[in-house]
Amino acid sequence: MRADLDLIKDWVEPGKRVLDLCCGDGELLHHLQTQKQASGYGLEIGPENITKCIAKGVNVIEKDIEEGLASIKDNTFDTVIMTQAIQIMMRPDEIVDEMLRIGKECIVTFPNFGHWRARGYLAFRGKMPVSKFLPYTWYNTPNTHFCTFKDFERLCVERNIYIMERTVVDNGHQHRWWIHLWPNMLGEIAIYRITK
Amino acid sequence: MPAVIPEDSVGIVEPQKIEFTEPLHLSCGRTLDSYHLMVETYGKLNADCSNAILICHALSGNHHVAGYHSMEDKKPGWWDSAIGPGKAIDTNKFFVIGLNNLGGCHGSSGPNQLNPTTGKPYGPDFPIVTVDDWVESQARLADYFGIQQFAAVVGGSLGGMQALQWSINYPDRLRHCMVIAAAPKLSAQNIAFNEVARQAISQDPQFHDGHYYEENEVPKVGLMLARMLGHITYLSDDGMRSKFGRELRSGQISYDFTPQFEVESYLRYQGERFSTEFDANTYLLMTKALDYFDPTAVTGEPLADILAKAKAKFMVISFTTDWRFSPERSHEIVDALVDADKQVSYAEIEAAQGHDAFLIPIPRYLNVFHAYMARVEADTPNLNCEGEH
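Chains as they are written, first to last, in the numbering used here: chain A, 1 to 196; chain B, 1 to 389.
Just chain B, same shape as in the assembly (with noise of 0.2 Å):
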């Protein structure tokens, strides 16, 4: 809990939830007759709606990206680090939005929120979203805040795979696009960590296909165990060896099955707070858009013949140690981005922590932020034009 806020925080800000009545036809086949998106705003939008700029979350993420709820919040928004008055994304200066993507379960249409249809929790029932669709659905939300152009569209994990997706779906609706610590899609081995992922789940006796919500159960075990195996894919041996090492709790080895060793322990309190906190059936929609995100599948071009279409310039952004999305998979993007002729900058850092290097304020990373986002501010008009919306 802040005992004052920070001068470089956004303080405390408030979400706020935005109905669509428009149907939304889904990769999947289906459609969702209405919709609703939970949202958080930070800065101004300026009257010519030129200073907007897209956060898109990862798996775990929310609308909550920056700032305070309350006084009482324990911690501010999953990116505070970068957003803010003065900070890399500037909000004197930017028109920040965050969202909680479809699907989600912090306030957005999603399973635990009611099916308009049936009264009840959508539950196992709410159709399989992809990142196609979440692409469609911010462009439905931009439109709903007047905007034609985002200054940029930034996302770290699957929120980089939401930004690729834009430049291709609509090249003329951002003018930069920052991918961090993503991938062009997913390896085998990324499936198959996501597969175990989903079996912890849906083993779980209390997840009951899904229908958790009507049996008052939740099946925190599953979800526990999902989230323990994707930490550690998050982090990276050394990230490991020097947080933990051997450590033990104690002192001393105790001889039975105990969490003795620091790492045991500090897995198990990460999956139980996660398993409070998250939505067993958000977790198996979320890892699937990730399983099924290619934006070479529909047509089996190559991805340079794909990012063809882009016209956003690009900044790639990939961590040393990230082995969840490694350096190699960033190089892909940025090799296709060159073959195909498109202004791409792309910086390597050098990070101890992981995939998890991408919420981290690294200060080379952050100097990088910074300078992008010079060129970002230098090539919107009328920055400081501010206008109320």
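Next comes chain A alone, as it looks inside the complex (with noise of 0.2 Å):
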């Protein structure tokens, strides 16, 4: 399993209903409705990941978020989940909104553009920072809202979202002691678990 769904899944409690939004291939809706008795839906655009969800029984709702989530009520949902995928959103604070409006409490992860790597790409090199982890130009990359972990909390406080929980990991997905002297500057993965 992809390592920041490992982390993710102790989250969410068992048999919680759950919306997972660009789910890929369902891999982590697959683990919490066989190993924590979720249920709920994925939501996914893409037709080989929507695919593999049916195979997998993963229930997946072909839906592009960008269109918006009117259509689901408020507070559907236990968890609502996105994982790495806001910062391409057109509009990343009205995502959150609606996730916040149809989900009792929301997992969020994103990379830290605040992270020591890709500080140090800008201020050495002058260019925008392209890397194994970040790997597009900054003219086909579809991250158009990047953040760091400071952006996102800030965020928070502005429209008062509570931050339940939050934990940082490396580019290999590992807890290591000494990212979380300096989460922002070593850091490159955010996992933030919020509610309202």
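Rather than coming from a laboratory, the hints here were simulated on the basis of the structure.
Remember, it's a predicted structure, so these values are computed and weren't measured experimentally.
Beta carbons: idealized from backbone N, C-alpha and C, even for Gly.
The following residues of chain B were derived to be distant from chain A, with all beta-carbon distances above 12 Å:
hint	residue
1	19
2	48
3	60
4	72
5	115
6	116
7	198
8	203
9	209
10	247
A few chain B residues that face chain A, going by a derived Cβ cut-off under 8 Å, partial list only:
hint	residue
11	345
12	346
13	347
14	375
The following residues of chain B were derived to be distant from chain A, with all beta-carbon distances above 10 Å:
hint	residue
15	117
16	125
17	202
Hey, can you piece these two chains together into the complex? The hints should help.
Structure below.
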């Protein structure tokens, strides 16, 4: 299992109703369904991923999140999850608001643009960072809204969003004790558990 | 005509006529004291009767879903692309039932069949039947085969509406429900198209208020017009443009009213062919069943509340250029199912063929179909435990 998903699964209590936005091939939901008796759906737009979800027995709904989640009623889900996708949304703030409207709590993961490697790349090379972890160039990247941990936490303060838990991991999705000394510099992926 | 029967075909099949003598009380208030259904089955029913799949047909469909009736047949059954050995609905694993619905014109009790009480064709006196009535008659068909619970009920268009109604009327009698290119009810525009089709038929001088059998006539023109209109709504603007464009049959305009554009001759051909194969009274009945379909009508509750009683798992599929029953109409079904906390998956297939796409073997559509049928298979006990019916 992808390591960030491996961390997230421990934040979902058994028997919960889960919505996974941009659920990919359904790996996380499949795990939550089989190991945690979770119910719910994944939303996805990739045809191959949708077929993989169906084959796995994961309930998947073909839906472009950018078109909005208005058809879903308030507090329909216990947990709404979005992994590594918030930075590709047109309006990440609006998506977070919508996630918190339809779910009682949300789990969000995103790449940290404040990581020392990204900072160093820009500072010393004077170019937008390109790495194994951020493989796109500035003109073709789907990641139109990069942010740092600090940026995200500021959004939470502005919108009165309560951060229940957060963790940071490195590029291999490993917890390392030293990351927590200076997360915005040393952590590559942020994982937040938030609620209103 | 197939020179040889393809390996993935169910082969030569034979319809059977099944008689029912228990009176059927219909939504319209009338009763059919006895009736018969034309049925085809493919594959083998297993010993615990758990591997049966019911195929519900659309407006002009019938019991001949797959395979050939003879080596002289020009075409196989109407959904041969999806049903057969190794196909999405695998007849090596499942027992598949296709039927001609009540009111149809391919051998089941309907306007062109003899009314046992008068000895004459029912004609326009055949009662108006609804999707609810069809589901009831199909449940009795399941009883006849000893099937307590279908592995899946599957249908496209009007067939999808029957599948949806099944999940509401008989929650315990199906494990999976596949609703393809359907809608939770017709829009005013849908009903308007149906009304034009009905008017074309009933205004045909050879219609004789539906008593054309006695006159030895057929309202051919009306039926042809109805089908031409219907056909336009089954195709998409893009699909028609790429299939016909403004192509001329003879290469030049002749400045008269003969059919010159390819699309004109195509529609005339389709309409004429249909008018020799289909019954006008049945066309009227089928369009009425479409118009009346609305699972929320009886109680006035929202669809999500109506679907709350369903126990099946759902697969909903729509096609991007379908404007007869557009993806938005399938979204209504999916949203209601999510609201009702039901298990549902939904795929919106990119396709240029409009509403017709549900009958066309589009690769992504078949992939989704195969993947979902694997789930149906996983939920079917003793799949390989074969038994003869």
